[in-house]
Every structure is written in C-alpha cells, then in structure tokens.
Amino acid sequence: MPQPLNYLKETASQTAGPYVHIGLIPAMAGFDIFEKNFSNVLVTPNTKGERITLEGKVLDGTGTPLRDVLLEIWQANANGRYNHPADRSAGALEEEFRGWGRAGSDFDSSLVTFETIKPGAITDKTGRKCAPHINVWIVARGINIGLNTRLYFSDEEAANAADPVLNLIEQPARRATLIAKRTERAGKIVYSFTINLQGPEETVFFDV
Amino acid sequence: MNAQAPALRDPRLNRPEPFTPPLGDGGFFQRDRSIHPPAHAPGYKSSVLRSPRQSLLSLENSISEITGPVFGHNDLGPLDNDLIRNYAKDGDPVGERIIVHGRVLDETGRGVPNTLVEFWQANAGGRYRHKKDTYLAPIDPNFGGCGRALTDDTGYYYFRTVKPGPYPWRNYVNSWRPAHIHFSVFGSGFAQRLITQMYFEGDPLIPVCPILTTIPDKDALDRLVAPLDLNASTPFDSLAYRFDIVLRGQRSTYFENRTAGN
Chain F
1 MPQPLNYLKE TASQTAGPYV HIGLIPAMAG FDIFEKNFSN VLVTPNTKGE RITLEGKVLD
61 GTGTPLRDVL LEIWQANANG RYNHPADRSA GALEEEFRGW GRAGSDFDSS LVTFETIKPG
121 AITDKTGRKC APHINVWIVA RGINIGLNTR LYFSDEEAAN AADPVLNLIE QPARRATLIA
181 KRTERAGKIV YSFTINLQGP EETVFFDV
Chain W
1 MNAQAPALRD PRLNRPEPFT PPLGDGGFFQ RDRSIHPPAH APGYKSSVLR SPRQSLLSLE
61 NSISEITGPV FGHNDLGPLD NDLIRNYAKD GDPVGERIIV HGRVLDETGR GVPNTLVEFW
121 QANAGGRYRH KKDTYLAPID PNFGGCGRAL TDDTGYYYFR TVKPGPYPWR NYVNSWRPAH
181 IHFSVFGSGF AQRLITQMYF EGDPLIPVCP ILTTIPDKDA LDRLVAPLDL NASTPFDSLA
241 YRFDIVLRGQ RSTYFENRTA GN
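Taken in sequence, the protein lines are chains F and W. With the first letter of the first sequence counted as 1, position 196 gets the number 196 in full-length UniProt numbering; the numbers rise by one all the way through. With the first letter of the second sequence counted as 1, position 247 gets the number 247 in full-length UniProt numbering; the numbers rise by one all the way through.
Read the hints as simulated data drawn from the structure, not as lab findings. Heads up, a few of these hints could be off.
Said to hold, decoys possible - In silico lysine-lysine, PhoX-like type, Cα no more than 25 Å apart, as pairs: (1) W/Lys-132 <-> W/Lys-45; (2) W/Lys-131 <-> F/Lys-57; (3) W/Lys-132 <-> F/Lys-36; (4) W/Lys-45 <-> F/Lys-36; (5) W/Lys-163 <-> W/Lys-132; (6) F/Lys-57 <-> W/Lys-132; (7) W/Lys-45 <-> F/Lys-57; (8) W/Lys-131 <-> F/Lys-36; (9) F/Lys-9 <-> W/Lys-218.
To be verified - Coverage of chain W stretches by chain F, computed from C-beta distances (three or more under 8 Å per stretch; other residues unrestricted): (10) 94 to 101; (11) 189 to 200.
Since the structure is predicted, the reported quantities are computational estimates derived from the model, not experimental observations. Don't be surprised by glycine CBs; every beta carbon is placed ideally from N, CA and C.
Model the full structure from these sequences, guided by the hints.
Shown next, in the form of structure tokens:
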C-alpha cells in the first residue's frame, strides 16, 4: 500500500432554501439588523467606467420565473482588473470598486437587478484575450449546489467570437444563452438576461 | 572530473533561493461532485424543475474563478456574530444558548484566513423571521436569526445563538426539517463559494430529511453534523457545537504558463 493521500474533502453543499434572504439580504426578509448591508449596487459616484443596469429573470423548467432566487456577481473593473491580490495584471486597480454584489429576485416581479459598470476585457494566464464578462452564481430553494454561469454583452460581437470560454461550448446556439442584450431606457444602459435552469433554451452552466 | 556531471543535477538545486512552493494563484482542486447532492434529486421535490438537464461545462480556472471578493472588519458591526444580542429588544431570546465555532479549512488542511462566514436560522420554535414564513409557531421578539463573522488568521470563527427548532415544510405531507443553521462561505476565490447547512449531533430527523439525504455519500453527510463540544462550552451559560468547514484546495503555481500543478 502506498502512503495515503491525506487531503480533506470539501464540505457538501446544501440548498440555500426559501429564506436565504434572512442571512444574506435581511431587508428583503422584512427586517433591519446589520449596520452595514451588502447590496446589488456595485458602483459609487467615483467608479470609473460605463454605468450599466443588469436586469433579468431566472426561469424553471416550465418557464415560470423564480421569485426566491439569489444571485451574486463577480467582475473586473473597467480596466479588466479584479480587486483581489491574485490578479497582478497591468490594468489599474480601483480600491473603491469591490467588484461583487448580490441581489434577490423581487417577490412580485421576479426581476433581478444590479447597478454596476461594464467590465474591461481580461487577459487569462496563457495570454489569451477574454471578452468582457460577469461571473454569476445562483442559489435558491430547489438548487442543491450553486450554479455558475457568465454574462457576456451583445455589443461585443467580435470579442465574444474570439472568447476562449464561449468557444468551448460545442453547440453555437447554446453560446447565445450567455449573451445579455443591450438596450437603452430613459437614458440608462440596460443589459437584459434570462437564465433558464432547464429545458430547450437551457442556460450553459459551468463546473468551474 | 567529469565535465558533464553538473548537467545531470536537478536544476532546481541551483536555485538561489530554497525551493518553497508559494501559496500561489493556481486554480482550485477539481470539485468532487460525487460527495455533493445531485442537481436533480426527486425526493426533494422542488429540485425537479430547478435542475439543469444538460451537463455542466468544465472550465479550467482562470483569473475570473481564482479571484473573489475580499471583505474586511469594516464590513461588519460589533454584534454581528452574537445572535443573542444583535436583535435583542427587551431581553434575551428564548431557547438553548449555544456557541458554534470551528475552522474554515481548505482541502490541503490550511486555514482560510479573513474569509466571510454568514449564517441564518429559525428561532427555538422553528419559526423564521421572514415575511414568507407562515408557520404557526410564534416569532421571538428578541431574535433576528442571522449573523456573520470573519475568520481570523488561522481560519477560526465563532458565534453565539440559540439552538434552532425543527419545522415542517411542504414536501411530503409530513416532512420536517432537522434543527439546522444555514452557512454561506466565500473562501479566497469565487470558485470556492459554498452554501451549506449545519445539523446537530443526535437529531433523529437527520436520516429522514429529504434535503439532507440528497447527499449520496454517507461520510459527506456525517461531516455536516456538528458534534457537541463540551470543551468549548461555558459553564452555567452556553453549550457549544463544533463545525469545521472545508473549501476546495488551491494548487500552487510553481511555474508560469504551466498547468501541471503539484
């Protein structure tokens, strides 16, 4: 017998359940408890870059929107730099821009929204250019382990066509499930997205 | 002297510095999905329509997954890890006073320092402070049910609360959740993000819970059950439970542009 490999094993995931808001967005559960709360607004007045609104829904296998879903996003700043010590790329860091936010779907409209900036393009560790994208993590009642996906931008056609991750998706039609659509509404730039958990238009989810 | 001999030496031995693996910016160990619940677990009915049918697309970790949000003490308030006091209006909440403590580790056994741990739970009667919870057990006016903590330099966290009660839910006609506390943990990279639930040693509802038994691996299930920890209890004040959380290990990066790991 060889020596045993004494790695620990990851703690198993469990669903976030229907009352996830209590812990992660208490105001949505209906009470106020913390002095400082995390939110779906990633920007301050000083944040550099194009202000955008992300707005979308998450649908179940019957096309019904989830009203109890929670999304988190993680993104680079306008220079393509993540606010994390492991990112040593050249783009300038903005201390004030954490690059992370969380949002619950509205209990009535089921819309999920974020106020952020459009991220810059990223160079991966092998030197390839990645199209601007936002990393998305989805939890809810009925979701046993958080789902990872990405949002790309409809006005970045050339960059999307060259993106190494989009090009890993074998069926070109499925790549379209990750592209948020740019529109303008009352002078604001809005990117709309739909995440289909299941079915013919199922969104591509990643094992990251 | 054989002129060729030096060429046979391991080039690493000629490094000016000792060869010490940095705790670097490598990707994370691949997630072992056999210990996690499958997306589609029909005994937990709401998973049926909320589970992808297509395969997940495996993605080699890039800077997008290796990085993740960084939190600091200025994100938290002084009572955030004390559920006995952080919503107290005119007294302490009703219930069994407990301390929950443990370490956040990665699969290599290293503590995960300065990472955010969030937790939420029902009150002692199994009632959540949530506008969508209509269970007939009453709200406790002095109990909110949520808190958060940053791990210290060794990955250690602790908080104080009351032990939550079991509660019924609409799955089968007579389904009851075991007493549990929900946990949300970040780690150092977004790919380590994890939500789970902690259960309590000896609870007879554990083996019959349709959510807990979505986990296919008996040992993985047992690791969600926190043992009573009398060593950490406070006499005449609080019992204690110990709950260690393991996040994915991180590969060191020995050489640029090589994916071999170590």
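Hint check:
no.: 1; hint: W/Lys-132 <-> W/Lys-45; verdict: 19 Å, holds
no.: 2; hint: W/Lys-131 <-> F/Lys-57; verdict: 21 Å, holds
no.: 3; hint: W/Lys-132 <-> F/Lys-36; verdict: 24 Å, holds
no.: 4; hint: W/Lys-45 <-> F/Lys-36; verdict: 36 Å, violated
no.: 5; hint: W/Lys-163 <-> W/Lys-132; verdict: 21 Å, holds
no.: 6; hint: F/Lys-57 <-> W/Lys-132; verdict: 20 Å, holds
no.: 7; hint: W/Lys-45 <-> F/Lys-57; verdict: 22 Å, holds
no.: 8; hint: W/Lys-131 <-> F/Lys-36; verdict: 21 Å, holds
no.: 9; hint: F/Lys-9 <-> W/Lys-218; verdict: 13 Å, holds
no.: 10; hint: 94 to 101; verdict: violated (count 0)
no.: 11; hint: 189 to 200; verdict: holds (count 8)
Checked against the numbered hints listed earlier, the structure breaks hints 4, 10; every other hint is satisfied.
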